[in-house]
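S.K.: Protein sequence lines, in the order shown, are assigned to chains A and B.
Residue numbers for the first sequence follow this note's numbering, so the first one is 1 and each next one is one higher.
Residue numbers for the second sequence follow this note's numbering, so the first one is 1001 and each next one is one higher.
Keep in mind that the hints were calculated from the coordinates and are not lab data.
Just so you know, even glycine gets a beta-carbon here, dropped at the ideal spot from N, CA and C.
Treat the hints with care, as some may be off.
Here chain B is said to cover these stretches of chain A; the calculated rule only asks that three of the stretch's residues, wherever they fall, bring their Cβ under 8 Å from a Cβ of chain B [to be verified]:
| # | segment |
| --- | --- |
| 1 | 51-65 |
| 2 | 322-328 |
| 3 | 378-386 |
Protein chains: 2
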Amino acid sequence: MYKIEKIQGGVCAAKGFYSNGVSAGLKPNAQKDMAFIYCEELCDIASKFTTNKMQAAPIRHFKAKGVFQTNFVLINSKNANAMTGKAGIEDIEEILSFAQELHQNLHNPVMSSTGVIGVRLPKEKLKNGIKLFELKTANPTAAAEAIMTTDTFSKEIAYRITLDDGSIFHIGAMAKGAGMINPAMATMLCFITTDADIDAKEMQRHLDKLTPLTFNAASVDGDTSTNDTVMLLSNKKSGTYHKEAFEKALYEIMLHLAKMMVKDGEGATKLVTYRVTGARNDEEAEKVAKALSDSLLVKTALYGEDPNWGRIASTVGASGVEAHEEKLTISFEDVCVYKQGENLFDEANEAKAAKVMQRDEFTIYCDLGIADGSFEAYGCDLGYEYVKINADYRT
Amino acid sequence: MYKIEKIQGGVCAAKGFYSNGVSAGLKPNAQKDMAFIYCEELCDIASKFTTNKMQAAPIRHFKAKGVFQTNFVLINSKNANAMTGKAGIEDIEEILSFAQELHQNLHNPVMSSTGVIGVRLPKEKLKNGIKLFELKTANPTAAAEAIMTTDTFSKEIAYRITLDDGSIFHIGAMAKGAGMINPAMATMLCFITTDADIDAKEMQRHLDKLTPLTFNAASVDGDTSTNDTVMLLSNKKSGTYHKEAFEKALYEIMLHLAKMMVKDGEGATKLVTYRVTGARNDEEAEKVAKALSDSLLVKTALYGEDPNWGRIASTVGASGVEAHEEKLTISFEDVCVYKQGENLFDEANEAKAAKVMQRDEFTIYCDLGIADGSFEAYGCDLGYEYVKINADYRT
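One chain only, chain A, in its complex shape (with noise of 0.2 Å):
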């Protein structure tokens, strides 16, 4: 059939791809904080944004240009480019202008911005970073550093995806996104390159399938950005496809990119995965499966290392959808503490429960008992790093 390996390069992996991170000054202490992704073909490009009604310059600036292909992504960190108004868009036209004509062969270029909200985009310093970049250089980890922002790691990952007749594509992709993450798309950017030779339409329909099953799943603090975008880009450099390894082989990608962000959640020391069976239908799955890993009391839980199975049973309730207290079982990874009305919190499941909420990463499943419905969501616990991170981002 196929085989899918697990290959490094990031977003460099696919034959044709280049990206670096510079440092422009965005950030203090000469960190990392623009990126580019190069490629001297053309490429096709699918895209998913936020549903955030205050969508970013960068974003307006790609959707106002219709369909069209790229070789040129600029992403800077540290400003978002929000709320700017008019005047943020002259200022990607003039930065992006600015690249053309340092840079030959620059076709189409796009930007995008993550940071703070509401502050004009500092253009020299962003100009000198363009200054500084060397078009064809494969440095994807630097790339990868550039776009963070309170992230703690860098997010990267790549697959080669071997086929029957020996021919070979791959999908590399970096990300950043650790606060802000749900259930749309929430400040997380993720850049996805491919040699797979596939048309913009296809790799659409692959990401409109994929992202809520993904990133749409993963929640951090349940709010939503004015600049989440996710791209993939094609430059067909393989001359193959196969479109079940390649939808596979994406999924994957975009699932471990879905859960490192919420691993990285602001804050986070803990990786959730709530697993909701038995819904009357997958809709309703989801419902609750959002409502669990959005509920503050259920993620201070999760950071005291309480199995408060009750929070659980309240929150499921809560969420709005058909749910009875006799046909709900609820159980941490295999501990069962509460099944079709049976209370089994004892005092040894009750430290059984405790050990597993120890974890760095466990399960909590939940089943309403009623039907068939069932959806995973991704959710971090959260501590007082949150707090403090979030109370003085800006400063």
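Chain A is already provided as a structure; the job is to place chain B on it using the hints.
M.R.: Leaving out everything else, chain B in the frame of chain A:
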């Protein structure tokens, strides 16, 4: 017309109502943990309960009775009697029967509980508490203290209403609630008594109208509990009533208690009013106001006393209602920081806005500039204390 005056007396301000709180050993250190409200006459009842599907046993017990009158409400803290199934109902019946055996003249007694979920009521302790009750005692403050959980101060209020003809009636109330407030009366209990000559139907109309504007407009952490209850009892002893005056006084009582709950929100240091205007309609204004009061990013910015208006704009955009960057206006009290696309957040304005945020109470104004929809919601900040309280609530 009529005169409304604030008076002392809480739930005993209305003629004929008795109330007290005792220590039954549910809480440590001889703290009060059981309360009653008693009246020699039978009272009409109106009520509002949680929308949580996992309704606690006392609520299921109350609802199963259908229409009835009562003269005795028993309230305990520390244990919610939720997720306790049929046994939870049987426990209530046993306890209330015990109360009826011990004390003469209790008709259709009802119970209300708040505290930890999923643990059976300690019946013997509760019975011992009932033995301590002396029904004809008027100690409303002791009752208000007994129903507290994580509350840091007790909440009571009362009004005397004097009509033109010299006739007088009273409305008094007590409430508890500190965490899990919103958007549907989460873990709050509120008991209101009146000697006005008003029947159950008329009281219910008042509660239905005023609850959305008061308790359901208040948010501490966006969670909705299994036990939320508002109960309004009338013994008609004053023989008088005035619809407008009653509604006005009741609104003041409910709004005051709702604000006190938010002010006492777990770890909260500020009470913030979100006044949203200019929305497409009132429903959309409500959505925005509640999104603001629930946003973790806004709440942590409040805690940090950081006038981060970008997070407000982003939350408006994420709320799902019609909103436009170029029509939005945001003010902290009278300090306008963003006006219809124009960023007014210069150094002087930032300093002024930061000063507003240092207050204990203030209003954030958010005008969407579209139509006439408006709503006011009440929220608090979220700081380290919230995490501390909720990370080890059970222990």
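S.K.: If a hint holds in the structure, say so; if it does not, say that too.
M.R.: Hint check:
1. Remark: the segment 51-65 of chain A is confirmed as covered by chain B, as 5 of its residues place a Cβ nearer than 8 Å to a Cβ of that chain, reaching the required three.
2. With 6 residues having a beta carbon nearer than 8 Å to a beta carbon of chain B, the segment 322-328 of chain A meets the requirement of three or more and the stated coverage holds.
3. For the segment 378-386 of chain A, the stated coverage by chain B is satisfied: 4 residues place a CB nearer than 8 Å to a CB of that chain, which reaches the threshold of 3.
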